Every structure is written in C-alpha cells, then in structure tokens.
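Chemist: Residue strings, one per chain:
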Amino acid sequence: MKIVRDLLDRVEPLFREGGRFRLFRPIYAAGAAILLSPLDRTRAAPHVRDPLDVKRYMSLVIIALLPCMAASVYFFGLRVLAMVLVSYAAGGAVEVLFAIVRKDDVNEGFLVTGLLFPLVLPPSTPFWMVAVGVVFGVLVGKELFGGTGRNLFNPALVGRVFLALAYPRAMSSSWGIPGSGLFGHVTQFSVDAVSGATPLAAAKSGGLVPLWDLFFGSVSGSAGETSAAAVLLGGAFLLLVGVASWRTVAATLGAFAVMTFALHGGSPMMTLWHLLAGGILFGAFFMATDPVSSPLTKAGRWSYGIIIGVAAALIRNLTGYVEGVMFAILLGNVFAPILDEIFVTARVRRLREEG
Amino acid sequence: MRGGYNVPVAGAPLPEIRELPAPDRLYLPLASRRLDFGDVRVEEGQRVARGEVLAVDPEHFSIPLLAPYGGIVRLSEVEGHIVLDELDTTAGDRAAAGSTGAVAERLLALGAWQYLSDARTGDAADPAGRPSATIVSTLRLEPFLAGGEAQLDGALERLARGLEHVRGMAPEAPLYVVVPNADAPLAAELRKAVSACSGAHVVSVPMRFPFDDPALLARYLKLPAGPDTTVWAIPVEGVLAVEAALTDGRPCTERIVSFAGPAVTEPTHFRLVPGHPVADILAERLCREPARVINGGLLTGVVLSPEQRGVDSECTGLTVVGEPTRQTLLAFARPGISRRSYNRSFVGTLRTDMSMRYRAGLSGEVRPCIACGQCADVCPAGILPQVIHRHLYADRLEEAQRTRVDLCVGCGLCSFVCPSKIDLRTELLDAKRVLREEEEALRAEAEAEAARAAEAKAAEAEETQAGEVTV
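Each protein sequence line maps, in turn, to chains A and B.
If you use the working numbering, the first sequence corresponds to residues 1 to 355, in order.
If you use the working numbering, the second sequence corresponds to residues 1001 to 1471, in order.
Bound conformation, chain B alone:
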C-alpha cells in the first residue's frame, strides 16, 4: 500500500464505551449517507414493537429502517423524521418477520444487510448477487470514527461466529479479514480469533488512514474487477450484526458511535440506538466556542444539518471541530511550535507525539497549483491529483478519465495537504461522478439500441416467415 497519512489531530475518543441515559423520544432521520427511506410503512399513532419495519429504501433493495425500541409513531411532528414516542426500551419482543426465509432475506429484515456494500463503488450490496470475494475490515482509520476496537468491545467470540456466517453466505468466494499489523494485544487476539475461522485469509494492514478503504483493499488484494463481478465489503460491526441476526434472530438496532474532535470536552464512544436525539449528545459536552458538528469523520464527513434531530442509522461517529475565530499576526512566519504539517515546515514537527487542535479553516489563501507534488505523495490510490486538477481546470474531462480519476477513493488527503488550498477532493469526486453517469447513460443507450435491433430482427424474421408462408 502507498501514500496515506494519519492527521495528527487532537480529540481522539477513549476506547471505553459509555451508555447514555435512555431518551424520552427517538427522532429517526429518513435519510442517511447512502440510504433514503422514502417508503414509510407505518401510520400516525401506530404502536410498533422493537425491530418492526418503519420504512424502507425502495432504491436500495428495500433496506429497512427498524424501530430501535417499541413506541408510538409520530409521522408529521418533525420534517424528514419518524418520531417514536412513549418508548418501551425493554428488549425481548423481537420481530417475528426475520426468523425464517433465505439468509439474505433474514439479514434484510433484521437490519443487518445495510452493512454489506460493494467494495469498489460503496453502493449497497445486491441481496440477489454473488460476490467473487468478501472483505471484512476490522479497521476504521478516519479520525475519529468508531473503529474495530470500540465496535468489538471484547466480542471476539461473536466475531468468530459472525465470520463463519459470512463465509457461509458465499462459500465459494474467498474471505479476507483485514486486521491491523500493530503490536497491540488486541491486534494479536484479533489475528488469533480470525485464524481460527476456517477459510478466512488474514490480511495485515498498517494503521494508516485510509488503508481501511474497501476499494483500496480490493485493489491491493488484486481481486477481480469488472461490470459482472462484485466484491463485498463488511465492516466489523456488520459481522456482529450478521451474527446477531443469524444466530439469535435478533434485530440489529444498537450502534457504537464515536463522539470526538478538538471541540469536544470528553471524547468518547457511546452505545446508542438510531434516532437518539443529537441535542442530548451535544449538551454539556462541547467546548465554549463556535463549532461545526460533522456527521462522520473529519476528512470525509458532512456537516450535520441543523434539521437533523437524531443520530441516523448509518452513523459511526459525530465529530466536532471549532470554526476559525482568531486571526494571528504574521502566522506564516512564526516557528510553529504547536503546529505540525505533512512536510516538515513547522518546529512542532520535532514533537512527534504532539497532536494539533485543528480548526475548520483553510489556514491559508486559495492559490494556483504550485506543483509541489504533496497530493500525489499522499494519495493512497496512486493517481496524480495535481495532473488531474490541471486537466479539469482546462475542462479536459476525457484526459482526467485517461489519468484514472475513477480510482479516487475520496479520502480527502489531497485537499488536506494542498498548500494552495485547492479543493481537490470535491473536484475529483465530481469528475468521477460525471464520468460514471456518462458511462451509465452510454450503457443504457447501448442496451436500448441492442434491444431495438433484436426487436427489428425478430420482426424481420417474422416477416420473412410470413412471406415464406404466402409463397
């Protein structure tokens, strides 16, 4: 693996997991990063049980939004949310729906399928599809999302059982389990647990962001690529969800979510359910300064919309970072004792264990590319962001395609290191999306063309047949 960088940012969460006081109500957002639960299956005022389907995403194989607790449904109270009132937090009443049927159906009904994705595109995995390989990653390296250590929380036995289930879902596809190549005791235990699972290949990867990216791992493992082959990627909490669903028939509703960042007073992990009020989490836990709450990590997350009232069902972390507020006189000319940069241009570089209190600012002015090459150095995909930037700047989209903008995994490190503060990640991802849409449009057109041709051929054949009859 090449490139990558661990941003030395302060505010990492402690590995311990805390419980939050049970909320009075849940605010379940109807949209999350990939999913859009547009098809609501419950009615206003309806009493639902824990694990019951509240809504499904019709675009993504009807992946469901499950009721984390029992309660009364309120649909019109908060825009874009299903509110659950009069909560019944006692576990036990399980959904009957998921206990039978094919494995994929059970996983869908019990909320475990949403963890399966196509490694290369990041899209939801097709329940009807068969993978050519499966990658399970115990790593999550973006600051400060809840990674394997927190997600597992000692559940190594469940992980081992879960891996057997995952293996059983696609017996002929090789199973790769990605573990950190660190000396930490947990890494060793993890390796041992995984090695015990028959047929799982252990892949040791350095703990450097973003080496946990499924697309990078698929390339690194030289797994077959193509329009007809898919590689499944499952994070470690996904394996636990599969285990819960297939061993016990339990719906997967709890999540481990990190709450961290430079502007959080006590960065930690919380065990909570989707819909937990964001306000409850933020209350009393933020530094007194203007700050930005990010749904996701510092490098790829999105600003949490003020309209979003509850934690969504894909959230792995909320990150809070202060907005820039203070201007410094001649900052660029100072030694920078408390600053570190990707290259070594501040004195703080000498303090290797120092972490920095970054703010959500550009920390510089936007300038033309000076071709320093740092983006290419740090790029884990091996592409040359500065070259692609030049092509895109000159509107040469086909050149960007030739220089493999499609390999961009959107880790954001190029934008992070750019001294000219160019928004490379957005540029590259936009170009990648446009090219993908073009390609899909072309494919659809070609298919339509082929269908028309086949129809015409059939009609012609019919005609000749008819002609023969008359003769």
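Bound-form chain A, shown alone:
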C-alpha cells in the first residue's frame, strides 16, 4: 500500500500543470483511482455514503463475464484473450483521448464495453477488425452522445452492428470449430476457421444441434455466447448482487420464450432449444441490462424487455437473418426514451392523484 502511494506521489508531478505529461493527466487519475481508494470527503449531508461505487459496479459485471471468458478460451483457444487485449487497447485509446479533450476523468464503464465487444464477435475475427469495431462503437456509440451516461445505444452493440454491416462475410460465414475433451483448445492459440454454420444457421436449413451441446457450448458461434451454462452462471451472479435488473432479464427471456413457443406451434422443446441457441441469453443478461441504454423506470424495464424478446424471436424466425438479438436490443434502446416519457408521465400523474 505504502509503496503504491509513494510511487504515485513520485510520478504525480509529471502529470501536473507544467509537468511533462500534463496532457495525459486522465491516465494518471484513472490509474490512481483504480489502485487506491479515494479520500474524498462528503461535503454535505448525508455525511456517509454507501460503499458501492461505479468501479465496483463495473467490476462485478467483469467478474460475471469470467465464466464466459473461460468457456470461450476453452472452446476457441487463447486467441480470444488476445482479442480482448486488442479491444481494450483500441477502445481505451479513444476513451482516454476523449477524456483528455474533455478534461474529464476516464470512466470505468469502458472496461465493460471493451470486454463485452470481443465476446460477441466470431472467434476468428481479424485483430484489426476488432480494433476498428471497438473504436467505432466507443466513438459513435458513446462519445459522440456525450460520453458515459448519455449514450442512447449500447456501445458494444453499435460496434458489432457496424462490423456486421461493413464486413458481412467475416461476421457471418467464418466460424471456428469448438474444442472438446479435458483441455479443449486452451493449449492452442487459435482454432481453424471454417466456413461452417452456427446452430441457428443450420436450423434454418433443417438441422438441429443437440440441446446438451447448446447448453454446454460446444457449438460454433460468437466467442463468448456459445455456452449457455457459462452465461447462466455469470448472469445469476449479476442478478444475485443486484447489478443487473432482473425485470429486464425476466421480461426479455419471458417474451422471447412466449413468442418462440407461438411461432413453433407450441413446442416446448423448440422453445428451450431457441433459448439456449445463439445470443439471446448473453444479450438478455449482459447487453439489455446496460442501465444507461435501458429505460429508467421499473415498468419501463418490463416493457423494454418485452420489446427485445419479441423482436429477437421475430427476427430470428421470420426474416432472412439467422440471429436477431443484436438488432432487437438496439431496437429496445431506441424505445427506451419514449418508454421513459410514458412511464415518468404516468408516475407524475399518480403522484398528483396521491396529493
């Protein structure tokens, strides 16, 4: 502790006004804030504050993503970790740049975006493409809206959609073959990219991957979302600690299940199959629950989840796309402000009636 404090005190003058690296002060501030808890005092009542801060809030999401990370390394090799590093480096550069220009702090929210993004990409995505996608996502999806807390869309999904539209072939037709056995692909860097089909694409042409494979995750697909077991484990953690809104998750998965059940002639088996396939679980637990791009009210979150669930099922089953979770969540993001307007107004009316 003392050593860290001394080290920080030693380098601090370099970042001060007049110091050699004064422009990069946000980097110092972010590093210091992450390493050592702040001593900032409360200025007014309430004199004490809850120990939860944004750093911990975000780090809990990262902890919840660890099972998915582990599963993706197991199935698709260490290359996934390299993708995460590329994503952090490129996206982090944009974040720091904007912090410098705004003379503001680097926000911790980026640590989540930077991790979520590579996990929704095919495991064989070229590194430069990871970089381009995350830069676009952070820049257009977040910074242009005014930075953390003001973005309309989930930045990771903005980057993902950009890549899907700009490089459709790389994003939809080249998937890795998942590893198996005790060590899976943990011992190798990358897996052979083949022009194969994901379970959802195969299902469109009539072939159904066994349920167990979907649950375990030994199927082709985006790096972090193939293993339903890992997503459920991390997702349960998020709900348990109260970071993700259980209403959003329940509404999304519930509406999706009901819609799929209806579209598949009332087959519970197919409903379960669709819940475990593709990115619906990952999207519901980790993407739709992003508080900033969700509605603010509880009723709004129920409606938002229903819109996402229904849209995801419709796109998946009735359009030319094999997967629709990404678009469905962005659609939900579009609806969030109007849902807020509706439910905030309703709340205000109820308050008036209460007197």
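I should point out that these hints are in silico values taken from the structure, not numbers from a laboratory.
Here the structure is a predicted model, which is why all the values come from computation and not from measurement.
Do not rely on the hints blindly, as some may be mistaken.
Computed Cβ-Cβ distance ranges for the label pairs, DEER-style [claimed, not checked]:
hint : chain 1 : residue 1 : chain 2 : residue 2 : range
1    : A       : Leu39     : B       : Gly1101   : 28 to 38 Å
2    : B       : Thr1325   : A       : Val11     : 42 to 52 Å
3    : B       : Glu1398   : A       : Leu144    : 23 to 33 Å
4    : B       : Gly1226   : A       : Glu12     : 51 to 61 Å
5    : A       : Ser173    : B       : Thr1325   : 39 to 49 Å
6    : A       : Phe24     : B       : Pro1021   : 18 to 28 Å
7    : B       : Ile1337   : A       : Val11     : 46 to 56 Å
8    : A       : Arg352    : B       : Leu1156   : 51 to 61 Å
9    : B       : Pro1335   : A       : Leu85     : 36 to 46 Å
10   : A       : Thr187    : B       : Ile1337   : 34 to 44 Å
11   : A       : Leu208    : B       : Asp1395   : 38 to 48 Å
12   : B       : Ile1337   : A       : Leu152    : 33 to 43 Å
13   : A       : Ser173    : B       : Ser1355   : 51 to 61 Å
14   : B       : Glu1266   : A       : Leu85     : 25 to 35 Å
Every residue gets a Cβ at the ideal spot worked out from N, C-alpha and C, and that includes glycine.
Use these hints to put chain B onto chain A, whose structure you have.
Modeler: Just chain B now, with coordinates in the frame of chain A:
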C-alpha cells in the same frame, strides 16, 4: 409506504439515559436549525430565573429561548451565544409569565411551542392557525437521533395526558399517533397507552428510515393539502413539553440528546439542558482519529460549527463519524467481508446483523449518472431522483417541477445509495427551494396586483360617485 432504508451503521446509542455533571456555565446558541433568536430580551449582567425569556425569534411567532437555569447573563463573551454564569440549578423558581392566558400563548411562553411544526413544510406552526389534522410521531428513525424510546423514558402516563392536551388544542381536527409496528414490548405498551386516549387514531409504521417524516406521513394518511390547510406535526418530546406546560405550568428546558456514531467510544443518551458545553460532552468520549461532529443525524445533520460552544435548543443528537484517512489498495476489487451495500455487491451482505463503521467519505469517485435506478428504489417520496437530476443538469427547472421535486423530503437516501456519488439531496433541495421562492414571489406579486386593482377600482368608483354628484 415505499422505499426507505436503514443504513447499517455502527455506533447506535444504548437506550439508557445518563446524566452529565452540571456545567459551570451555559453557552446558549442564538441560532438553531430553524430558529434564529435575533431579538435579545436581557441585558449584560442581568440575573435571570429559570424559565425566563432570554431572546425570541421575531420571524417565527416570537418563539422564545428560555433560561434553562437561573444565572447571570453575559452577552458579549462568546459571539452568537448568550452565556449564563453563576448557575443556579435548583428547580422550583418557575416563570410566572406562562401560567395564564390562551393555550397557545402559554405554550409559547413555556418553550413548548417550538416543537409544533407544519408537517408539509417543516416550518414552525402558526399559533393563530387551526390545523386540519395533527400528527404525533413517537418514531425518530434517523441514525442516531434520540427517538421515542429514549424521549419517553417510561413516561407513558405523561404521554397519555399530553395527548389529551394536544387533542384539546384542536378538538375538531383528527389526531394521528404514529407508533412502530414492531413486536417490542415498548411498542405494545405505547399502542395501549395511545388507544386509551379518546379520539386518537393509532397509525402503525415500519421502523424504516425515514417513515417518521411528517410530510411523508401526511401524504400516507391522505391528509388534505393546500395553501389554506395545515397539518401539525409534533414529536413525542413535544407532547411531553405540552404536558409539562399545561398540567404543571413548568417551562420546558431539559432535552434528551443522543451522543453516538462510529467514532464515539460509548454511544449513549444524555439528559441535559440547551447551552450545555459541547466540549464537556466530547471530552474523553471520542475515538482517537480525525472525526466530524454532526449536529443532527448522519443523513440530514449539519457539521457542528467550531464556533458553536453549546448544545442548541433544537438538538436531538450529536453524531460523530471519522473522516476517511486510510487508502486501501484495490478496495473495489476486494470481497468486502466487512462491508454492506444497499444492493448486494459485498460479501458482508451475508452477515445480516453486521453494522459497518462508515466514514465521512464519498467512498468512490464522482461520475456521470449510470441510471442504475437505486435512488428511485430507495426514495420514500416516490419521485425519480435520477430523472430530476437529468432535468436539473440540463437546467430544465420547470421539468423538475413537473416531475415533482417539491415532494422531496430531503432524507438523503438517494445521495447515500448513488454509486456515482452524485449529491442528489443537495440538488433536489436547492431546486425545491428555488421553486418555492419563485412561487412565493409570484403569489406576492399577484396579491400586490390584486390590491392595486382593488384600489384603482375603489378610486374609479369614488370618481364616478363624485361625477354623479356634480351631475
């Protein structure tokens, strides 16, 4: 009732009440939370008797500051205080002034009126006014103010008599007595005592902060609101003060004050009089660390000014909390075995009976709102602090008004739970104050306009009359 939260903070006072050694001198502050005793009624060197008026607050119906003991007045010794020297602590010499006259006048003269407030605004109640209802709360839930249990200290009989007096003050207004819906024996006794009082409605409320707030209770009970109706709120010690004044004609000078908080070695309650030297209370009773003394509770109190030498006449508690002094390496990534949060993000959550040694720090960095919604979850008023924050951030005061910032009761829970460490309480209360001032200015303007119009009309009428005469 909705929202609310009991902060699991260590340092709660024991219910027992201790006496302090009698002080040599009293330092009576001329200002307290609501009151400002600007009109001093005594002279330097004057000998006063117990219960004599030292000063009054001209802005608030001349609510008096009474001499808690007999003594010699020193006016210029300490800035902002009346010092009483050569104290005569023997009770008995009572003020003659309060024994006659109308009930409100007697209560004013005997120092009991200061406990009556307008439930919705928190302002002092108007002695000339008539309430549409009266709320008596036996709860005080903010950590660690002296609540009903300590204030009553077994005086249930006096409470019952006091309630009869309060009822008599506004016979046609319904009287609501708020009691805890706990299983504790005291709660049961309290319910029994209150039920015995004819015409009092018992209202059971969960022991969750801030369900004792008069404005919330008035809303919860659906009491009429409007510019011409007021609801009186009286805390339990106020009822006892009314009882003392009207039954015995005794002035109300003693107070039960909590002295507690994470940085106090033996949190307890003291029976003392206003003006008791703060230094005497603090001496030998604090942990050895930089600490902040708060006049009031942890969530809504104000930092005790170093200039304030004595306990003021509205004080219900002094709370002491340590300042943040130690930085922890990677604190945010630790399991947090000894930490609890409003959501469940620390391992300490599993230890439901654990209380935490909070410090007076933000415990995090100020960040933009991430819309987690915890403030709205915890808000007892049912408003959406995060929505109002967005409006205020964009300078849309009228939108903040539309989303009912006026309903904020200032409990501070939104600021407390905010992971982005946004000072929501200050923002909301500032906006509420500005809007209230605007409204008052508008009303004053409208009244002036109406008066001008009436004058003009009268003049016109006179003129026409005059004209008629000439014709």
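Chemist: Now tell me, hint by hint, if it's right for this structure.
Modeler: Comparing the hints with the structure gives:
1. Between leucine 39(A) and glycine 1101(B), the C-beta spacing of about 56 Å breaks the proposed range 28 to 38 Å.
2. Judged by the Cβ atoms, the range 42 to 52 Å given for threonine 1325(B) and valine 11(A) is violated: they are separated by roughly 23 Å.
3. A C-beta distance of roughly 28 Å is found between glutamate 1398(B) and leucine 144(A), which places it inside the suggested range of 23 to 33 Å.
4. Separated by about 58 Å at the C-beta atoms, glycine 1226(B) and glutamate 12(A) satisfy the suggested range of 51 to 61 Å.
5. Under the hint 39 to 49 Å, the C-beta atoms of serine 173(A) and threonine 1325(B), about 59 Å apart, miss the expected range.
6. A hinted range of 18 to 28 Å is violated for the C-beta pair phenylalanine 24(A) and proline 1021(B), which are about 60 Å apart.
7. The beta-carbon spacing between isoleucine 1337(B) and valine 11(A), approximately 32 Å, falls outside the hinted interval of 46 to 56 Å.
8. Distance hint for arginine 352(A) and leucine 1156(B): a CB-CB separation of about 40 Å, inconsistent with the stated range 51 to 61 Å.
9. For proline 1335(B) paired with leucine 85(A), a C-beta distance near 26 Å fails the hint of 36 to 46 Å.
10. For the pair threonine 187(A) and isoleucine 1337(B), the supplied restraint of 34 to 44 Å holds, since their beta-carbon distance comes to about 36 Å.
11. About 57 Å separates the C-beta atoms of leucine 208(A) and aspartate 1395(B), a value inconsistent with the hinted range of 38 to 48 Å.
12. At about 39 Å, the CB distance of isoleucine 1337(B) to leucine 152(A) agrees with the hint of 33 to 43 Å.
13. Separation of serine 173(A) from serine 1355(B) is about 58 Å and conforms to the stated range, judged on CB atoms against 51 to 61 Å.
14. Judged by the Cβ atoms, the range 25 to 35 Å given for glutamate 1266(B) and leucine 85(A) is violated: they are separated by roughly 55 Å.
When the structure is compared with the earlier hints, violations turn up for hints 1, 2, 5, 6, 7, 8, 9, 11 and 14 and for no others.
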